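Given chain A, work out where chain B with the ligands should sit, using these hints.
Going line by line, the protein sequences match chains A and B.
Numbered according to UniProt numbering, the first sequence terminates at residue 505, and the numbering increases by one at each position without gaps.
Numbered according to UniProt numbering, the second sequence terminates at residue 505, and the numbering increases by one at each position without gaps.
Simulated from the structure, these hints should not be mistaken for lab results.
It cannot be assumed that every hint is accurate.
Straight-line alpha carbon distances no greater than 25 Å define the calculated DSS-like cross-link-like pairs of lysine-lysine that follow [to be verified]:
#1 A:Lys147 - B:Lys147
#2 B:Lys489 - A:Lys147
#3 A:Lys144 - B:Lys153
#4 A:Lys489 - B:Lys231
#5 A:Lys355 - B:Lys144
#6 B:Lys231 - A:Lys443
#7 A:Lys489 - B:Lys355
#8 A:Lys144 - B:Lys179
#9 B:Lys153 - B:Lys231
#10 A:Lys153 - B:Lys443
#11 A:Lys144 - B:Lys355
#12 B:Lys144 - A:Lys147
#13 B:Lys231 - A:Lys483
#14 A:Lys145 - B:Lys489
#15 B:Lys231 - A:Lys231
#16 B:Lys147 - A:Lys144
#17 B:Lys443 - A:Lys231
Residues from chain A that face chain B, not an exhaustive set, calculated with beta carbons under 10 Å [said to hold, decoys possible]:
#18 Ala166
#19 Lys231
#20 His233
#21 Val304
#22 Asn348
#23 Pro351
#24 Gly421
#25 Thr505
The structure presented is a predicted model; accordingly, all values stated were derived computationally and were not measured.
Built from N, CA and C at the ideal position, the CB exists for glycine as well.
There are 2 protein chains.
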Amino acid sequence: MGLTQSIKINENDNVAITVNAISAGTMIREDITANQDIPQGHKIALCDIPEGETIVRYGVPIGYAQQKINKGDWINEHMITLPNPPSLDEMKFAVNLVTDLPEPPKKTFMGFPNSDGGYAGTRNILGIVTTVQCVTGILNNAVKKIKEELLPKYPNVDDVVAINHAYGCGVAINAPEAKIPIRMLHNIVKHPNFGGETMVISLGCEKLTLEMLLDEEDITHENVVVFQNVKGHDAIMAEILAKAETKLKKLNVRTRVELPLSKLLVGMQCGGSDAFSGVTANPAAGYAADMLVQAGATVMFSEVTEVRDGVHIIGERCINDEVGKKLIAEMKWYDQYLENGQVDRSANPTPGNKKGGLSNIVEKAMGSIAKSGRSPIVEVLSPGERPTKKGMIFAATPASDFVCGSCQLSSGMTLEVFMTGCGTPYGLALAPVIKVCSRNDMKDMWQDLIDINAGPIVTGAATIEDIGTLLFNEMIDVASGHKQCLAEKYGLHNDFTLFNPAPIT
Amino acid sequence: MGLTQSIKINENDNVAITVNAISAGTMIREDITANQDIPQGHKIALCDIPEGETIVRYGVPIGYAQQKINKGDWINEHMITLPNPPSLDEMKFAVNLVTDLPEPPKKTFMGFPNSDGGYAGTRNILGIVTTVQCVTGILNNAVKKIKEELLPKYPNVDDVVAINHAYGCGVAINAPEAKIPIRMLHNIVKHPNFGGETMVISLGCEKLTLEMLLDEEDITHENVVVFQNVKGHDAIMAEILAKAETKLKKLNVRTRVELPLSKLLVGMQCGGSDAFSGVTANPAAGYAADMLVQAGATVMFSEVTEVRDGVHIIGERCINDEVGKKLIAEMKWYDQYLENGQVDRSANPTPGNKKGGLSNIVEKAMGSIAKSGRSPIVEVLSPGERPTKKGMIFAATPASDFVCGSCQLSSGMTLEVFMTGCGTPYGLALAPVIKVCSRNDMKDMWQDLIDINAGPIVTGAATIEDIGTLLFNEMIDVASGHKQCLAEKYGLHNDFTLFNPAPIT
Ligand SMILES: [Ca+2]
Ligand SMILES: [Ca+2]
Ligand SMILES: [Ca+2]
Ligand SMILES: [Ca+2]
Ligand SMILES: [Ca+2]
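Looking at chain A on its own, in the form it has when it is part of the complex:
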């Protein structure tokens, strides 16, 4: 009995979500009894809602009643009409710039400084970037050999990673949108975890030329292997191994030093969200993000289709018109991209989201943007662009976990925080990923896959601030190499996945 049976977020809400599965007839609040069995995390009507009336959660309209809804009814996705997305032509910028951010418990971390003066590394990795998928077969075998035979000789190097992808040839390289995958590859070469050591594998006849991938001064004999210039398989293998060893020697002298958090670039995203994500994990991440920003760090949040319905809220946090206009441009680009594919933002929610109680994209969006906290938004990035400002940044990317993570890596992310409701073993080869779940029973199910449990917020056993601070400290520990996240412990690596909106030829 009692109030922990359901969670109402905003005083204007006319729905609450159930903390656990509830049987018909259960009293969930003083004057409200469930009229049907209601699954965990799903919505219950707190009052009668006439047909066509607004359904309010997070204090915002998440849709309209398709039929009369009675107090105590379970409200599922089929009972809600999706509202129109917020207009992009009537946005207000810079009207909600908060300054009262929470004080961080620490302001430094132990990172690998980079000589370019940019963000520091959180790991020390030999990254081998490819121009084209053609080289993947030989390169993968070479990397296996490098890890077995060479890497043990260089104990300060954490890993050797081939950045394979399906781009580079058989693509419309001059299509307008080809700039996105090309930018992603160009920028991944300079990832802060690679320590400025460039190693690129090329076939020789591909469309994505070395000149498109590298700055001119980086196209050197030491940095590049071109298969078609080498006399056969065994010679190619030998050349890759020899060049890798030269790079490993250099990387092996990198050492961690205490650095201000202004040298840390964190990415945030969510995947497999449920109705608790927006109440527990994402707000806790938002609190941690606010502390990072207060400490001078840079934090990116992303996932355009999950921001689209809260764009008016994000717009108000943009520090000026220039930032706001780029936000609109990215949103409009995505609206058009989806329209070209004959879909719209309603294509985002998954069966898992819906089973978890998220009826539509508006409800999902309001939970998703909670991970960005309250800080002013200082910059908006196109997919894979590198930040030029420090603070909270909206990095426009698809919501697809792999594409989002890869875009954030291309932007230079060295640590990701990933919120999940249903659970995912997601991990990246190029940066550690801390996974935060939204519910106690998720953590119970996957003890060895979920790093941080935000579930205690549901029951009142912890506050958003408690879990946010816990997460902040975990981020510093993992970034500093004092601790491995669970995805690292098990070596869970999702593919580097380019965003290519241009045609394949």
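Frame of chain A; chain B with the ligands shown alone:
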């Protein structure tokens, strides 16, 4: 000196290609002297060609002179205006159905029969298909363990392969074009090399549900692992290994038997083509294809953007209007797809193609379609569809080597023949790939990566029929497991790459 300095293909041609690099002043034919240095494989004018006049190779117009061209001039890509593509609205079908195909030296091979009565396997593989990229990290580690700990116990099984991909979630699953990646995944589960053993790894909350991937009767506890139903990392690993072992036991009893070639499904494609590809490797492959068809086998050729400019020639070979109309539909779909991306078929040729003497897509196309030989075309497939007819089939796919190969695998291909000019180490995990090069110096450079050299055709040391017969015999040997191709020997595996023309969300 003499006639082997240049190759003229059709008596109507007003250009020839150079057999080797030629210096200015060299006499290449009785009355023709090179006016400039000409790279190997590039075109030389056999007569004066006034501005605007047609340039003819393969007996077809490959474009128009942008300026006056003198007899003996080097003709490069900047001197040729691309003609309009053949109209798709004035096609003639079934007017060139040949019956005089070459007799094959053999009509059987040693394959693994399948109980569904369909195509036989050429290899015996445990294929583990994923619904979504989320599962990749754990699955890759599991496959490593399976190969180390279990596979050695089952010596009749050739390999264990995870079919990872970037699809499954974070995609517009209801977009019209989503049917292509979904079909590819649905069909890859039933690949002939998997022996009817289905093993699928799912997360649990993804958009691509088990119901979309599998037939209802295949969704069983034995066939499927759903991560979100299993209690954590170690338990998931244990369940994958246990289910894999059950499958390995069953696969281990498969044996090769002598089968008619009607049980063999071969795919053909080319990549990194040069001006010799259309003179040597592709025509030899076409001759071998004709022998396969004559023996009752099924042969697919693909690469829409490389067929587009020869579509009128292909159309005449379609056995009836129904097949022809599907050909047009696939071509129109691709024209529109490219137009949506603000490009056209001219986006196909690569820097390598151009360096190799292929000035534009028309010239490339005429060489590319040579690999289909002369047989009647009995069926046209949409990307990833499975054939219902035996004989020569046009399987519409992108020309991208990885996407084309993956589409052909989804169509059930168990052996691929791959023609190359510049050279690629291309290989597939699910089927052997025989690589055929177009030039002697390519084979000299990559002795250990090129299976068959069609270069002797250039110098007259071998005929198209000689190399075609050699290739036919190699195909039978490799399909029968009597021989490994070089990509297999070194374990060169390119990624399974889905064709997804629909948006990412
Ligand atoms: Ca998300
Ligand atoms: Ca996501
Ligand atoms: Ca074996
Ligand atoms: Ca080709
Ligand atoms: Ca190709």
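Here's how the hints hold up against the structure:
Distance restraint check for Lys147 (chain A) and Lys147 (chain B): the Cα-Cα separation of roughly 18 Å lies within the 25 Å cut-off, and the hinted pair is therefore satisfied. Between Lys489 (chain B) and Lys147 (chain A) the alpha-carbon distance is near 21 Å, which keeps this suggested pair within the 25 Å criterion. Note on Lys144 (chain A) and Lys153 (chain B): the hinted pairing holds, with a Cα-Cα distance of about 23 Å set against a maximum of 25 Å. Restraint check: the Cα-Cα separation between Lys489 (chain A) and Lys231 (chain B) comes to about 17 Å, which is no more than 25 Å; the hinted pair holds.
For the hint linking Lys355 (chain A) to Lys144 (chain B), the alpha-carbon distance of about 34 Å lies beyond 25 Å, and the restraint is violated. At roughly 10 Å between alpha-carbon atoms, Lys231 (chain B) and Lys443 (chain A) fall within 25 Å of each other, so this suggested pair holds. A C-alpha spacing of about 47 Å is found between Lys489 (chain A) and Lys355 (chain B), which places the hinted pair above 25 Å, so the restraint is violated. Restraint check: the Cα-Cα separation between Lys144 (chain A) and Lys179 (chain B) comes to about 36 Å, which exceeds 25 Å; the hinted pair is violated.
Simply put, Lys153 (chain B) and Lys231 (chain B) have alpha-carbon atoms about 28 Å apart, too far for the 25 Å limit, and the pair is violated. At most 25 Å may separate the alpha-carbon atoms for a hinted pair to count; Lys153 (chain A) and Lys443 (chain B) exceed this at roughly 37 Å. Using a Cα cut-off of 25 Å, the hinted pair Lys144 (chain A) and Lys355 (chain B) is violated, with the two alpha carbons roughly 33 Å apart. Annotation: proposed proximity of Lys144 (chain B) to Lys147 (chain A) holds, straight-line Cα distance about 15 Å (limit 25 Å).
Restraint check for Lys231 (chain B) and Lys483 (chain A): satisfied, since their Cα atoms lie roughly 24 Å apart, inside the 25 Å limit. At most 25 Å may separate the alpha-carbon atoms for a hinted pair to count; Lys145 (chain A) and Lys489 (chain B) meet this at roughly 16 Å. At roughly 50 Å between alpha-carbon atoms, Lys231 (chain B) and Lys231 (chain A) are farther apart than 25 Å, so this suggested pair is violated. A threshold of 25 Å between alpha carbons decides the hint, and for Lys147 (chain B) with Lys144 (chain A) the separation of about 15 Å falls inside it, so the pair holds.
The suggested pairing of Lys443 (chain B) with Lys231 (chain A) holds, with an alpha-carbon distance near 10 Å, which does not exceed 25 Å. Checking Ala166 (chain A) against chain B: minimum C-beta separation of about 5 Å stays under 10 Å; hint holds. A hinted interface residue such as Lys231 (chain A) counts as satisfied when its beta carbon comes closer than 10 Å to some beta carbon of chain B; here the least separation is about 6 Å, so the hint holds. Interface hint at His233 (chain A): satisfied, since its Cβ lies 4 Å from the closest Cβ of chain B, which is below the 10 Å cut-off.
Taking 10 Å as the C-beta contact cut-off toward chain B, the hint placing Val304 (chain A) at the interface holds, the least distance being around 9 Å. Restraint check, Asn348 (chain A) versus chain B: the minimum CB separation of about 5 Å is within 10 Å; hint holds. Of the supplied interface hints, the one on Pro351 (chain A) holds, with its beta-carbon coming within about 6 Å of a beta-carbon of chain B, less than 10 Å. Restraint check, Gly421 (chain A) versus chain B: the minimum CB separation of about 8 Å is within 10 Å; hint holds.
The closest approach between the C-beta of Thr505 (chain A) and any C-beta of chain B is roughly 5 Å, which is under the 10 Å cut-off, so the hint is satisfied.
Violated hints for the displayed structure, listed by number in ascending order: 5, 7, 8, 9, 10, 11 and 15.
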